[in-house]
Amino acid sequence: MKNVGIIIVICFAAWFSVNNPIVENYIASLTESALPVVKQTDPLYQKIVKNAHTYEVPPSDAKIDSVWKAIPGYNGIKVDIAASYKKMKKKGEFDKQKLVFVQTKPHVHLENLPPTPIYKGHPDKPMVSFIINVAWGNEYLSDILATLKKHNVSATFFLEGNWTKKNPELAKMIVSAGHEVGNHSYSHPDMSKLTAAKTREQMIKTNEIIEAATGEKCVWFAPPSGSYRDETVKIADELNMKTVMWTVDTVDWRKPSPEVLINRVISKIDKGSMVLMHPTESTAKSLDRLITLIEKKNLHIGTVSELMDEERIIK
Numbered sequence: 001m002k003n004v005g006i007i008i009v010i011c012f013a014a015w016f017s018v019n020n021p022i023v024e025n026y027i028a029s030l031t032e033s034a035l036p037v038v039k040q041t042d043p044l045y046q047k048i049v050k051n052a053h054t055y056e057v058p059p060s061d062a063k064i065d066s067v068w069k070a071i072p073g074y075n076g077i078k079v080d081i082a083a084s085y086k087k088m089k090k091k092g093e094f095d096k097q098k099l100v101f102v103q104t105k106p107h108v109h110l111e112n113l114p115p116t117p118i119y120k121g122h123p124d125k126p127m128v129s130f131i132i133n134v135a136w137g138n139e140y141l142s143d144i145l146a147t148l149k150k151h152n153v154s155a156t157f158f159l160e161g162n163w164t165k166k167n168p169e170l171a172k173m174i175v176s177a178g179h180e181v182g183n184h185s186y187s188h189p190d191m192s193k194l195t196a197a198k199t200r201e202q203m204i205k206t207n208e209i210i211e212a213a214t215g216e217k218c219v220w221f222a223p224p225s226g227s228y229r230d231e232t233v234k235i236a237d238e239l240n241m242k243t244v245m246w247t248v249d250t251v252d253w254r255k256p257s258p259e260v261l262i263n264r265v266i267s268k269i270d271k272g273s274m275v276l277m278h279p280t281e282s283t284a285k286s287l288d289r290l291i292t293l294i295e296k297k298n299l300h301i302g303t304v305s306e307l308m309d310e311e312r313i314i315k
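Per full-length UniProt numbering: the sequence shown = residues 1 to 315.
Heads up, a few of these hints could be off.
Said to hold, decoys possible - Listed below are the simulated BS3-like cross-link pairs for lysine-lysine, each with C-alpha atoms no more than 25 angstroms apart in a straight line:
id: 1; residue 1: LYS172; residue 2: LYS205
id: 2; residue 1: LYS78; residue 2: LYS105
id: 3; residue 1: LYS255; residue 2: LYS149
id: 4; residue 1: LYS315; residue 2: LYS87
id: 5; residue 1: LYS87; residue 2: LYS50
id: 6; residue 1: LYS268; residue 2: LYS69
id: 7; residue 1: LYS150; residue 2: LYS271
id: 8; residue 1: LYS165; residue 2: LYS205
id: 9; residue 1: LYS296; residue 2: LYS149
id: 10; residue 1: LYS86; residue 2: LYS98
id: 11; residue 1: LYS234; residue 2: LYS205
id: 12; residue 1: LYS47; residue 2: LYS96
id: 13; residue 1: LYS47; residue 2: LYS87
id: 14; residue 1: LYS217; residue 2: LYS172
id: 15; residue 1: LYS63; residue 2: LYS234
id: 16; residue 1: LYS315; residue 2: LYS96
id: 17; residue 1: LYS217; residue 2: LYS166
id: 18; residue 1: LYS315; residue 2: LYS297
id: 19; residue 1: LYS90; residue 2: LYS78
id: 20; residue 1: LYS315; residue 2: LYS91
id: 21; residue 1: LYS255; residue 2: LYS268
id: 22; residue 1: LYS268; residue 2: LYS285
id: 23; residue 1: LYS47; residue 2: LYS91
id: 24; residue 1: LYS50; residue 2: LYS105
id: 25; residue 1: LYS271; residue 2: LYS149
id: 26; residue 1: LYS315; residue 2: LYS271
id: 27; residue 1: LYS234; residue 2: LYS217
id: 28; residue 1: LYS149; residue 2: LYS172
id: 29; residue 1: LYS217; residue 2: LYS149
id: 30; residue 1: LYS285; residue 2: LYS172
id: 31; residue 1: LYS234; residue 2: LYS69
id: 32; residue 1: LYS78; residue 2: LYS98
Said to hold, decoys possible - Derived DEER-like restraints, expressed as beta-carbon distance ranges:
id: 33; residue 1: SER305; residue 2: VAL67; range: 22 to 32 angstroms
id: 34; residue 1: HIS300; residue 2: ASN240; range: 25 to 35 angstroms
id: 35; residue 1: ASN240; residue 2: ASN298; range: 31 to 41 angstroms
id: 36; residue 1: GLY226; residue 2: GLU93; range: 47 to 57 angstroms
id: 37; residue 1: ASP270; residue 2: LYS198; range: 35 to 45 angstroms
id: 38; residue 1: SER187; residue 2: VAL57; range: 43 to 53 angstroms
id: 39; residue 1: ILE81; residue 2: HIS300; range: 22 to 32 angstroms
id: 40; residue 1: ASN240; residue 2: TRP136; range: 19 to 29 angstroms
I should point out that these hints are in silico values taken from the structure, not numbers from a laboratory.
C-beta: ideal position from N, C-alpha, C; glycine also.
Construct the entire structure; sequences and hints are all you get.
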């Protein structure tokens, strides 16, 4: 029995020494430290290192443009050499399709800029946004939502507070369909003519109503008719909202034909564009074709938050 006990102790000690996490980590560290030596002598690894800089794109800092005001930053990219080598080493051949990229962040972000209106996204980002201001037009909302769903497109709906108060179920339906909501004032006043107190009241009241109806907090403010002054933008910023304008206007409130509306947008739209529209018959009838033509230009369509995000779209 004594010999059996000794054998059990020896077996347990052997098992523990092999399965001990400390031992495992030590072995792993030895393997990792040996790997770079192998890589350094591998022509494939050296070729990846040599070519990596040709695929690198530096990040762009957020800035205030003299024309377009606040422009968000945009991530750069660089080659993950170790991950790329791992993907290629099985065949031992350099293949640019197997390069692995990591994104590099800019130093200056949108939130680092002073309160400034935003008219467009970054000009290198192949994405656009639909800005849909809602203060009326209930009869066209269902068709617009159905078309957006058909194309799996998310938009940003800027809701008037008074409209939301009267139509909480419609506001909730917009959010339930996967869209973003923003603040479009309470009663659609000329924000440039309001006192600071009235401006703050319009924004806070609308935020409270939208959150009560949808559960969403607004982070974007769109002044009615695009009318604002510096104080308007500053107050929105103090309420944790950035002020959004637009790049391309459908002018759908003038009831253009679908052909006119589509041509107006397609002739001007580009990377980073924000397209202003309303729930009108013109927009409802144009939207399906408009989305198709925009996507044919290799432009993604996303919310304002997605457009302003620094995440780089990599093909």
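Each hint, compared with the structure:
1. LYS172 - LYS205: holds (17 angstroms)
2. LYS78 - LYS105: holds (11 angstroms)
3. LYS255 - LYS149: holds (24 angstroms)
4. LYS315 - LYS87: OK: LYS315 and LYS87 at ~18 angstroms, within 25 angstroms.
5. LYS87 - LYS50: holds (17 angstroms)
6. LYS268 - LYS69: holds (18 angstroms)
7. LYS150 - LYS271: Roughly 23 angstroms between the alpha carbons, so the hint for LYS150 and LYS271 holds.
8. LYS165 - LYS205: Answer holds: LYS165 to LYS205 is near 10 angstroms, not above 25 angstroms.
9. LYS296 - LYS149: holds (18 angstroms)
10. LYS86 - LYS98: Holds, because 10 angstroms separates the two Cα atoms, which is no more than 25 angstroms.
11. LYS234 - LYS205: The hint holds at about 17 angstroms.
12. LYS47 - LYS96: holds (11 angstroms)
13. LYS47 - LYS87: Measuring from Cα to Cα gives roughly 14 angstroms; hence the hint holds.
14. LYS217 - LYS172: holds (13 angstroms)
15. LYS63 - LYS234: holds (17 angstroms)
16. LYS315 - LYS96: holds (13 angstroms)
17. LYS217 - LYS166: With a Cα-Cα distance of about 19 angstroms, the restraint between LYS217 and LYS166 holds, given a limit of 25 angstroms.
18. LYS315 - LYS297: holds (14 angstroms)
19. LYS90 - LYS78: holds (22 angstroms)
20. LYS315 - LYS91: Distance of about 23 angstroms is within 25 angstroms: holds.
21. LYS255 - LYS268: Since the Cα atoms of LYS255 and LYS268 sit roughly 19 angstroms apart, the hinted pair holds (cutoff 25 angstroms).
22. LYS268 - LYS285: holds (20 angstroms)
23. LYS47 - LYS91: Between LYS47 and LYS91 the Cα gap is close to 14 angstroms, so the pair holds against 25 angstroms.
24. LYS50 - LYS105: OK: LYS50 and LYS105 at ~23 angstroms, within 25 angstroms.
25. LYS271 - LYS149: Within the cut-off at roughly 22 angstroms; holds.
26. LYS315 - LYS271: The hint holds at about 15 angstroms.
27. LYS234 - LYS217: holds (18 angstroms)
28. LYS149 - LYS172: holds (16 angstroms)
29. LYS217 - LYS149: Between LYS217 and LYS149 the Cα gap is close to 23 angstroms, so the pair holds against 25 angstroms.
30. LYS285 - LYS172: Roughly 23 angstroms separates the two Cα atoms, so the pair holds.
31. LYS234 - LYS69: holds (14 angstroms)
32. LYS78 - LYS98: holds (14 angstroms)
33. SER305 - VAL67: 22 to 32 angstroms: holds (23 angstroms)
34. HIS300 - ASN240: 25 to 35 angstroms: holds (26 angstroms)
35. ASN240 - ASN298: 31 to 41 angstroms: holds (34 angstroms)
36. GLY226 - GLU93: 47 to 57 angstroms: holds (55 angstroms)
37. ASP270 - LYS198: 35 to 45 angstroms: With Cβ atoms ~37 angstroms apart, the hint holds.
38. SER187 - VAL57: 43 to 53 angstroms: About 46 angstroms separates the Cβ atoms of SER187 and VAL57, which means 43 to 53 angstroms holds.
39. ILE81 - HIS300: 22 to 32 angstroms: Hint holds: Cβ distance 29 angstroms, inside 22 to 32 angstroms.
40. ASN240 - TRP136: 19 to 29 angstroms: holds (28 angstroms)
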